[in-house]
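Student: Using the working numbering, read the sequence shown as starting at 11 and increasing by one per residue.
Mixed in with the good hints, there may be bad ones.
[Claimed, not checked] Capping the alpha-carbon separation at 30 Å, the derived lysine-lysine pairs in DSS-like fashion look like this:
id	residue 1	residue 2
1	Lys97	Lys108
2	Lys97	Lys50
3	Lys50	Lys25
4	Lys108	Lys41
5	Lys108	Lys90
6	Lys41	Lys25
7	Lys50	Lys90
8	Lys50	Lys108
Hints in this document: simulated from the structure, not taken from any laboratory.
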Amino acid sequence: MANEQNLIPINQRTKSEAREISQKGGLASGKVRRQQADLKRAFETLLSSEVNNEQMRDLLIGLGYDPTNEMALALVVLQKALNGDIKAFREIQELINKG
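Just need the whole structure built from these sequences, with the hints factored in.
Tutor: Here is the structure:
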């Protein structure tokens, strides 16, 4: 069982042990980065797709917007903020202040 007495700092390990541990960490980090990039691309694709909900599509077109999932999501978050959802309001503020 691992505990603090069993932990050996990386600077007290042999060069080969340190290199092996660092390599494992680098490989794991790369895998996580690739997974996050894949997830980001998937969401970008889905958000740019056309809305399936006919009522939402008609509403967006009537307002003069592209009927994409991204615009539908923005409209829903805005509606929540207008109805008093502070979390939605703060999310909108954060998004606006980022750009």
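Student: Of all the hints numbered above, which does this structure not satisfy? Sort the numbers upward.
Tutor: Violated hint: only 3; rest satisfied.
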